[in-house]
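There are 2 protein chains.
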Amino acid sequence: MDELEFVAALKKKFPFSHGLGIGDDASVVRSGKRFQLVSSDMLIEDVHFRLSDVSQQQLAQKALAANISDIAAMGGRAQYFYLNLGFPGRLSAADLRLFFTGLKRGCRKWNVELAGGDYSRSEKMFIAIAIVGQSQKPILRRGARPGDWIAVTGPVGESALGLQMLLQGETTSPFIRKHKQVIPQCQKGLVLAGFVNAMIDISDGLLLDLSRMLKASGTGAEIDYEKIPVSPTFKKVCRQYHLSEKDLVLAGGEDYQLLFAVSPRKEILLQKTKIAYRIIGRMTAQQSLRVRENGRPIRIPRLGFDHFHENKAERT
Amino acid sequence: MDELEFVAALKKKFPFSHGLGIGDDASVVRSGKRFQLVSSDMLIEDVHFRLSDVSQQQLAQKALAANISDIAAMGGRAQYFYLNLGFPGRLSAADLRLFFTGLKRGCRKWNVELAGGDYSRSEKMFIAIAIVGQSQKPILRRGARPGDWIAVTGPVGESALGLQMLLQGETTSPFIRKHKQVIPQCQKGLVLAGFVNAMIDISDGLLLDLSRMLKASGTGAEIDYEKIPVSPTFKKVCRQYHLSEKDLVLAGGEDYQLLFAVSPRKEILLQKTKIAYRIIGRMTAQQSLRVRENGRPIRIPRLGFDHFHENKAERT
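Protein sequences appear in the order of chains A and B.
Going by our numbering, the first sequence opens with residue 1, and the numbers climb by one from there.
Going by our numbering, the second sequence opens with residue 1, and the numbers climb by one from there.
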């Protein structure tokens with residue numbers, strides 16, 4: 001059973017009568033004239049991070065940013081969150097203070113508030129957050145239509161490259177910074193909400209997150225690899241470190257860029273907003289996912305990070 | 001720094017502008033004519049449970065029940081929840097299925113729905129839940145007044161006794177069942193909401209949870225030990241296992257009974273509802289916590305389970 005099947009099984013087993021439950025970046029429940037969005041996400045020591053690689057301040061902000069990104073991916077505005085923190089006894093009271101200093105900084109940066117939670121000792125550190133946001137018109141994964149453009153808000157693969165550099169013992173690089181310091185696309189999400197048919201954030205890899213959108217929308221996609229935003233420096237560093245550029249771009253996770261589908265007509269209007277994005281392909285009626293490079297089909301390495309087929313070495 | 005100080009520090013560092021944030025069983029945010037309640041709580045392997053002691057089905061229900069209890073303690077009705085599940089690779093797919101079977105059973109039993117969440121591999125299993133509920137008139141911890149009766153909805157210490165029996169190698173006993181199968185006091189919470197001034201659920205021990213209410217309300221309390229509901233069987237088993245009855249009753253956690261403060265005038269009306277509860281003491285203006293037995297003061301052993309002064313042997 002892979003993750004998509006697992007989620008589908010859960011969705012069937014747990015019907016949700018209050019709105020939209022399992023299966024998108026956040027749940028959607030009507031609240032007066034608006035919709036309340038809630039998303040829940042976590043970071044676990046030695047699964048998602050190593051304590052030797054990131055500071056407590058960075059960790060707190062990364063966990064928060066990943067959750068905020070889920071709300072941004074619904075075209076919503078994050079408001080407040082609940083923190084379940086498992087904290088190892090081997091860490092100090094100063095570490096704990098640094099964690100909350102980072103969290104406070106994140107709150108200021110992204111205009112969200114801590115509303116409650118729970119704290120406990122734990123052998124491995126973990127940070128589980130449930131975040132609440134709102135939207136007047138939530139954008140789901142399932143609204144894409146054949147003929148829609150597929151676009152991303154920025155470069156992908158850079159966080160994954162940073163992670164690989166960390167694993168190879170490197171400590172400073174703009175890519176490592178990208179890996180440690182997640183920037184959720186809050187403003188872009190809000191603007192895009194007025195134009196797009198479907199949206200998702202790229203947390204587990206471009207192709208895996210795209211395939212989730214395809215599955216939800218009942219569409220397929222054709223991606224033109226050369227249109228994906230990849231900098232010359234990125235290509236150079238990949239070569240230097242003997243890493244597969246395509247694998248990082250197509251399957252590397254944690255970029256937290258937004259991936260969206262927009263009709264050609266609306267895309268013309270979207271251009272006027274001046275927000276940065278790049279069209280990388282098109283939605284198709286045929287339910288398959290194809291990637292071409294300069295018109296020639298390329299082999300898809302792996303979709304991305306799947307918690308059901310996890311390769312620990314890839315991620316820790 | 002103990003837990004009360006930690007929470008007070010957090011509350012100061014993280015002001016909440018949407019309603020009531022940190023510091024009660026759940027946060028409270030107005031939503032139309034009602035209030036939305038959200039609470040967040042977790043269970044961690046080898047901190048809160050051992051996998052050898054409880055089944056996956058029991059675990060799922062216990063985690064859910066503990067969260068539902070927080071909503072009940074606010075006088076609210078639980079509606080839906082978000083699950084962050086860390087699941088060890090050493091467990092099987094069958095274990096995972098059993099967990100969700102138990103969760104489903106809990107959903108039916110307590111009329112709540114799964115709305116979303118996150119899943120990841122994890123070395124130690126953990127279950128972090130954020131639960132959403134609603135109420136027309138939330139009952140806080142801070143409403144108690146000097147002269148109020150202090151009452152509990154049922155026996156305390158039984159779950160803690162069950163845990164001690166488990167630790168001593170026992171496997172079957174009504175007390176072990178109480179430890180494994182948490183019953184949140186949903187209906188009582190809803191009824192009590194119409195009468196009481198302050199309420200909290202007893203998750204970490206009678207005196208510790210009472211002291212949280214006292215702190216929030218700015219009151220003190222006098223408890224008459226002999227009025228606390230304790231069965232003859234309980235006393236007998238404590239003696240058999242050489243356990244301190246008073247310690248279990250006053251400081252044992254996880255009973256999930258409701259503890260409340262009610263004015264003598266309202267208590268007369270409460271009697272007519274026929275719900276079961278027992279008056280165990282009285283709120284005082286003097287801000288201290290005293291326990292008497294047949295009129296004579298007794299020494300308070302420890303308040304209860306504090307995650308900041310945790311003795312692992314006590315809990316695992």
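Each hint should be verified, as a subset may be incorrect.
Simulated pairs of lysine-lysine, BS3-like, Cα-Cα distance not exceeding 30 Å [to be verified]:
no.: 1; chain 1: A; residue 1: Lys246; chain 2: A; residue 2: Lys33
no.: 2; chain 1: A; residue 1: Lys11; chain 2: B; residue 2: Lys104
no.: 3; chain 1: B; residue 1: Lys274; chain 2: A; residue 2: Lys104
no.: 4; chain 1: B; residue 1: Lys274; chain 2: A; residue 2: Lys12
no.: 5; chain 1: A; residue 1: Lys236; chain 2: A; residue 2: Lys246
no.: 6; chain 1: A; residue 1: Lys137; chain 2: B; residue 2: Lys12
no.: 7; chain 1: A; residue 1: Lys11; chain 2: B; residue 2: Lys109
no.: 8; chain 1: B; residue 1: Lys272; chain 2: A; residue 2: Lys124
no.: 9; chain 1: B; residue 1: Lys11; chain 2: B; residue 2: Lys227
no.: 10; chain 1: A; residue 1: Lys109; chain 2: B; residue 2: Lys109
no.: 11; chain 1: B; residue 1: Lys104; chain 2: A; residue 2: Lys12
no.: 12; chain 1: A; residue 1: Lys236; chain 2: A; residue 2: Lys272
no.: 13; chain 1: A; residue 1: Lys137; chain 2: A; residue 2: Lys109
no.: 14; chain 1: B; residue 1: Lys124; chain 2: A; residue 2: Lys104
no.: 15; chain 1: A; residue 1: Lys124; chain 2: B; residue 2: Lys12
no.: 16; chain 1: B; residue 1: Lys215; chain 2: A; residue 2: Lys12
no.: 17; chain 1: B; residue 1: Lys104; chain 2: A; residue 2: Lys13
no.: 18; chain 1: B; residue 1: Lys13; chain 2: A; residue 2: Lys104
no.: 19; chain 1: B; residue 1: Lys109; chain 2: A; residue 2: Lys13
no.: 20; chain 1: B; residue 1: Lys124; chain 2: A; residue 2: Lys13
no.: 21; chain 1: A; residue 1: Lys104; chain 2: B; residue 2: Lys215
no.: 22; chain 1: B; residue 1: Lys272; chain 2: A; residue 2: Lys215
no.: 23; chain 1: B; residue 1: Lys272; chain 2: B; residue 2: Lys227
no.: 24; chain 1: B; residue 1: Lys272; chain 2: A; residue 2: Lys109
no.: 25; chain 1: B; residue 1: Lys124; chain 2: A; residue 2: Lys11
no.: 26; chain 1: A; residue 1: Lys109; chain 2: B; residue 2: Lys12
no.: 27; chain 1: B; residue 1: Lys104; chain 2: A; residue 2: Lys124
no.: 28; chain 1: B; residue 1: Lys124; chain 2: A; residue 2: Lys124
no.: 29; chain 1: B; residue 1: Lys11; chain 2: A; residue 2: Lys124
no.: 30; chain 1: B; residue 1: Lys215; chain 2: A; residue 2: Lys33
no.: 31; chain 1: B; residue 1: Lys12; chain 2: A; residue 2: Lys104
no.: 32; chain 1: A; residue 1: Lys33; chain 2: B; residue 2: Lys272
Not everything, but these chain A residues come out facing chain B in the computed CB check (under 7 Å) [as the list claims (entries may be wrong)]:
no.: 33; residue: Lys13
no.: 34; residue: Ser31
no.: 35; residue: Ile44
no.: 36; residue: Trp110
no.: 37; residue: Lys124
no.: 38; residue: Ala130
no.: 39; residue: Gln134
no.: 40; residue: Ile228
In case anyone wonders, no lab produced these hints; they're calculated from the structure.
Idealized CB from N, CA, C, for every residue including glycine.
Do the hints match the structure? See the list:
no., hint, in the structure
1, Lys246/A with Lys33/A, "violated (44 Å)"
2, Lys11/A with Lys104/B, "holds (12 Å)"
3, Lys274/B with Lys104/A, "violated (47 Å)"
4, Lys274/B with Lys12/A, "violated (40 Å)"
5, Lys236/A with Lys246/A, "holds (13 Å)"
6, Lys137/A with Lys12/B, "violated (34 Å)"
7, Lys11/A with Lys109/B, "holds (19 Å)"
8, Lys272/B with Lys124/A, "violated (50 Å)"
9, Lys11/B with Lys227/B, "violated (35 Å)"
10, Lys109/A with Lys109/B, "violated (42 Å)"
11, Lys104/B with Lys12/A, "holds (11 Å)"
12, Lys236/A with Lys272/A, "violated (33 Å)"
13, Lys137/A with Lys109/A, "holds (24 Å)"
14, Lys124/B with Lys104/A, "holds (28 Å)"
15, Lys124/A with Lys12/B, "holds (28 Å)"
16, Lys215/B with Lys12/A, "violated (45 Å)"
17, Lys104/B with Lys13/A, "holds (8 Å)"
18, Lys13/B with Lys104/A, "holds (8 Å)"
19, Lys109/B with Lys13/A, "holds (15 Å)"
20, Lys124/B with Lys13/A, "holds (25 Å)"
21, Lys104/A with Lys215/B, "holds (25 Å)"
22, Lys272/B with Lys215/A, "violated (56 Å)"
23, Lys272/B with Lys227/B, "holds (21 Å)"
24, Lys272/B with Lys109/A, "violated (53 Å)"
25, Lys124/B with Lys11/A, "holds (25 Å)"
26, Lys109/A with Lys12/B, "holds (18 Å)"
27, Lys104/B with Lys124/A, "holds (28 Å)"
28, Lys124/B with Lys124/A, "holds (8 Å)"
29, Lys11/B with Lys124/A, "holds (25 Å)"
30, Lys215/B with Lys33/A, "violated (39 Å)"
31, Lys12/B with Lys104/A, "holds (11 Å)"
32, Lys33/A with Lys272/B, "violated (41 Å)"
33, Lys13, "holds (6 Å)"
34, Ser31, "holds (6 Å)"
35, Ile44, "holds (5 Å)"
36, Trp110, "violated (14 Å)"
37, Lys124, "holds (6 Å)"
38, Ala130, "holds (4 Å)"
39, Gln134, "violated (11 Å)"
40, Ile228, "violated (27 Å)"
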